[in-house]
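There are 2 protein chains.
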Amino acid sequence: MTPNSKDVLEKLRHYLAAGPTEGLRRFLREVHYADLAEALPELNLAQQIKVIRLCEPSKAAAVLYELDRKEVAALLEGLGEWRAALILREMSPDDAVDLLGEMPQEERERFLSLMGAAEAEDMQELLEYGPETAGGIMTTEYVAVRRDLTVQEAIDRLRATAPDVETIYYVFVVDGENHLVGVVSLRELILSSPSTRVADIMRTEVVSVNVRTDQEEVARIVAKYDFLAVPVVDDEHRLLGIVTVDDILDVLEEEATEDILRLANIEYEGRYFEAGVLARAGKRLPWLVVLLFGGLLAGNVIANFSATLSAITALAFFMTVMAGGPGNLATQTLAVVVRGLATGEVRPREVLAVILGEVEVATLVGIVSGLILAFVAYAWQGEVLLGIVVGISLALSMIIAAVIGSFVPLIINRFGVDPALASGPFITTLMDVCSMLIYFSLATFIMNRFI
Amino acid sequence: MTPNSKDVLEKLRHYLAAGPTEGLRRFLREVHYADLAEALPELNLAQQIKVIRLCEPSKAAAVLYELDRKEVAALLEGLGEWRAALILREMSPDDAVDLLGEMPQEERERFLSLMGAAEAEDMQELLEYGPETAGGIMTTEYVAVRRDLTVQEAIDRLRATAPDVETIYYVFVVDGENHLVGVVSLRELILSSPSTRVADIMRTEVVSVNVRTDQEEVARIVAKYDFLAVPVVDDEHRLLGIVTVDDILDVLEEEATEDILRLANIEYEGRYFEAGVLARAGKRLPWLVVLLFGGLLAGNVIANFSATLSAITALAFFMTVMAGGPGNLATQTLAVVVRGLATGEVRPREVLAVILGEVEVATLVGIVSGLILAFVAYAWQGEVLLGIVVGISLALSMIIAAVIGSFVPLIINRFGVDPALASGPFITTLMDVCSMLIYFSLATFIMNRFI
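Protein sequences, first through last, are from chains A and B.
Under my numbering, the first residue of the first sequence carries the number 1, and numbering increases by one thereafter.
Under my numbering, the first residue of the second sequence carries the number 1, and numbering increases by one thereafter.
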């Protein structure tokens, strides 16, 4: 909790204990919804309901949107149907959809039926777009005007609609069939003379996104052009809604979380720590078991060389280094490539250049690491040949680690799959097989030849 | 490249080939700077210089800011001092500082001396704040007014300064000594009657950040309150600048990159792929060597149990699984905890609850994985005792992996260190030592007792 919300929590407790509701009501009018939302979960459900009941419906809506989804369901339940409907109607449709979209079908329909017919229809429409598309994150509350309005008329229009829309900083210009034909910012309106026609100052080359565009792509466009909002259109270029920059901040956070968890081989949507132990274990177990069998493949390689291992037990002492070193290098390569692809620093067509660059790095790193390990092995075990085997094996495995760590994410990205799915555990397990194969093959070769 | 920039690139090539510059100049007036910045690197340096020379200085500044830093240095060089100074002066001070901050001291000072005295002073000041603090990313171009202005006067003031400031959507209210006393949004100004006093509609509880606040914290505040900009103040609460939401988008991307690379044990600022092979190898080698010695610790554990290993060679077949499985689980735990801390889902004081939760998950996962491995080992090697040893060791190691994977990042976070520094490779190397110790201790115990 930030210092602000701590302060808010203390005051809430004070007012709740004090008895009469007037002080609490006044305090709730002044407090910022974001602070309130952070403090609220620290109260018990009865207190939460009391607080929400005393909030203005619009503030209550803003607070509910920030809370954990399962808390919201309990709260709405506790508030009673009439009050719950009042609050839901105050939410912008995209937020309400976010909230209801995560509820079970049954509850969702009950709440939808509580809302007004028009709102429910808007929302039913929004619910049909994929949650991670432009349609899923857009709001339908924006300002659109016809091209023949004057600047003054447009500003008056803004004044009239401002309380109901998410951003008044862009005014979109549409034709008779709602096709998007231009955009003008409030900044430009303010700077123009009141009698100018909107058509004369609007920009006609409007960057827009299709309703089915992936949210990650929408985020990239907003970031690229430094937009405060981007219009969403259908296939006929009709304006359907807008995505605002505050939602883009959430998208960026969500996508970074998805990538970080995917890199660790966890596929999880929503908030991980909100899920129960069984759900968390259920998500993680299947892949861990698959990787277990992957690890047994490497074990099988070792078993095939058990004669070599029996002859030279010291080979076992270097197995963790031989698996770990190249595994770490592969993890690093994977991370830089996956992140490079996500930020656009690596362009998908540069596959070969990226792989070659990483191989060059690995060659350097591998030779130095190999020399160090060779020296350590010789110093520790007093065997020159053992030093040569571990040194060369480590260097070779590291070079192959760079190839696998860069090639796999780049190639699956080519096929339109999220490169982060080539997770670290998957790559290191694959590397274990390669490293053991190289290590024991070389050891067997040297042993048969020189010992 | 997005479709837009491909189109821009084609047109640029067309106009460059066509000869007369008038068409190109007209095209450059219309094109969006972000598209131009994406297309430009595909041209050769002479062409780039020609294009930038024909751009309006303000557009040239916006384009330069988007380019890779080393390209910018070459371009500024090629443009000549006079034109370079013209363009740099058009940049907002925070962007110019970003650009010059990454140049070598000598070049930086040459470019600073090219700029006007006032701008250079502003920038010198900005350069003194850490690049990852509020001061480092703020702009000094904002609109501030006195509280006794009317709404109409404030709007007039906005009109006058709009071309020079980054955002006109917030007007900050200051007293005679520049202390921040309130804020009013353009939305509120537009909605109020022109004769109202700013003091009557401004919000006085302004959320602000200190000039030394870390950029990650600034991003969190902007995201929490859905701000378009947040004011930056000094210790006496004097207004120094603002951080706008478009810079926050960059911060979020930067911080996610930093976390992903740190989790893979790479400490890298700036763009990784822009660095040469030697720089990349130099960044990665030291830690890989440290981890190599970490791996040798695990090897040392194995060496201490070489009698056991010689007696039962089959133990070696399960070493990769025994190191890999708990390593993967630790990597997953680390990822969810580090990400949870970054997004605020995990609150720093919940250390114990988080660890216990993850241990419960690992216990479930460990028992199932252990049973599977025990069965596989028995089926493969036909030894009941071997199955018991590998099964119990795997389950135990996985539980310990959950403790280490959650405890280490939580504890270093407590000491104010970025939890992502508890990287995957570091954690898995530590786990290797633990797993080998458990595995061989248990095997030795069972062997001495039952065989």
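These are computed hints drawn from the structure, not numbers from a lab.
Hints should not be assumed to be uniformly reliable.
Just so you know, same-sequence chains aren't split out, so a pair can sit in one copy or run between any two.
What the hints assert, rightly or not - Here are the computed lysine-lysine pairs in the DSS-like style, where the Cα-Cα straight-line distance is at most 30 Å: (1) K6 x K224; (2) K59 x K283; (3) K224 x K11; (4) K224 x K59; (5) K50 x K283; (6) K224 x K70; (7) K50 x K224; (8) K11 x K59; (9) K6 x K70; (10) K283 x K6; (11) K11 x K283; (12) K70 x K59.
Remember, it's a predicted structure, so these values are computed and weren't measured experimentally.
Structure-based check of all given hints:
no., hint, verdict
1, K6 x K224, "between (36 Å within a copy, 15 Å between copies)"
2, K59 x K283, "neither (36 Å within a copy, 49 Å between copies)"
3, K224 x K11, "between (42 Å within a copy, 20 Å between copies)"
4, K224 x K59, "between (32 Å within a copy, 15 Å between copies)"
5, K50 x K283, "neither (37 Å within a copy, 56 Å between copies)"
6, K224 x K70, "between (35 Å within a copy, 20 Å between copies)"
7, K50 x K224, "between (44 Å within a copy, 24 Å between copies)"
8, K11 x K59, "within (18 Å within a copy, 50 Å between copies)"
9, K6 x K70, "within (23 Å within a copy, 46 Å between copies)"
10, K283 x K6, "neither (34 Å within a copy, 41 Å between copies)"
11, K11 x K283, "neither (40 Å within a copy, 50 Å between copies)"
12, K70 x K59, "within (19 Å within a copy, 48 Å between copies)"
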